[in-house]
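Asker: Sequence:
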Amino acid sequence: MAKEKTAQGNMFFRELFQVGLYKRSQGRIARQVTFAALAIAVALAAYRLHVAAINWQFAFLGEYNEQVLRYALPLVLAFVGVWIAYRVVNIPSFADFLIAVEAEMNKVSWPTRTELIRSSIVVIVLLFFLAGVLFAYDVFWRQFLSVLQIVQGG
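In the working numbering, the protein residues as written are 254 to 407.
Worth flagging that the hints you see were computed from the coordinates, not collected in a lab.
Cβ coordinates follow ideal geometry from the N, Cα and C atoms, glycine included.
Misleading hints may appear alongside valid ones.
[To be verified] Derived DEER-like restraints, expressed as beta-carbon distance ranges:
1. Gln279 to Ser362: 16 to 24 Å
2. Lys360 to Ala289: 17 to 25 Å
3. Ala306 to Pro364: 40 to 48 Å
4. Gln320 to Ser362: 49 to 57 Å
5. Val400 to Arg366: 33 to 41 Å
6. Trp336 to Ser278: 17 to 25 Å
7. Phe397 to Glu355: 50 to 58 Å
8. Asn308 to Gln279: 41 to 49 Å
9. Ala325 to Arg395: 52 to 60 Å
Starting from the given sequences, assemble the full structure and let the hints guide the process.
Answerer: Structure follows, in structure tokens:
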């Protein structure tokens with residue numbers, strides 16, 4: 254068991270330093286969308302790090318080095334994160350999963366535009382109806398509990 258985990262960990266780190274693509278023509282859309290989502294998450298994290306770094310005090314570095322650190326650290330971490338995201342979608346086990354996901358997505362019969370519009374209208378109307386029911390429950394219980402003087406105001 255421990256040897257298997259070590260082997261999987263070593264495979265992950267070996268995979269990070271490769272450039273090739275695993276089964277490059279299969280599961281392209283699922284891989285591209287997954288990579289884009291991971292890259293956006295990394296970019297947002299790097300941006301948040303940059304914004305947070307504005308308030309950090311690095312007096313011992315000097316003003317110039319402080320500015321370099323505020324921009325360089327998030328930028329380097331963004332590049333490393335994007336590279337890891339690129340490599341993660343090419344790890345054989347994960348890539349095979351994404352290939353299978355795309356194959357299943359191709360098997361699904363998607364609704365027509367009119368079906369989609371009708372279904373969306375039903376869902377939206379039902380949501381407003383349920384919101385109204387919850388509002389009515391809230392009004393009822395507030396009035397009931399204020400009559401019993403459990404809750405002040407009504």
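Asker: All hints, please: hold or fail.
Answerer: Hint-by-hint comparison with the structure:
no., hint, verdict
1, Gln279 to Ser362: 16 to 24 Å, "holds (22 Å)"
2, Lys360 to Ala289: 17 to 25 Å, "holds (23 Å)"
3, Ala306 to Pro364: 40 to 48 Å, "holds (47 Å)"
4, Gln320 to Ser362: 49 to 57 Å, "holds (56 Å)"
5, Val400 to Arg366: 33 to 41 Å, "violated (51 Å)"
6, Trp336 to Ser278: 17 to 25 Å, "holds (22 Å)"
7, Phe397 to Glu355: 50 to 58 Å, "holds (54 Å)"
8, Asn308 to Gln279: 41 to 49 Å, "holds (46 Å)"
9, Ala325 to Arg395: 52 to 60 Å, "holds (56 Å)"
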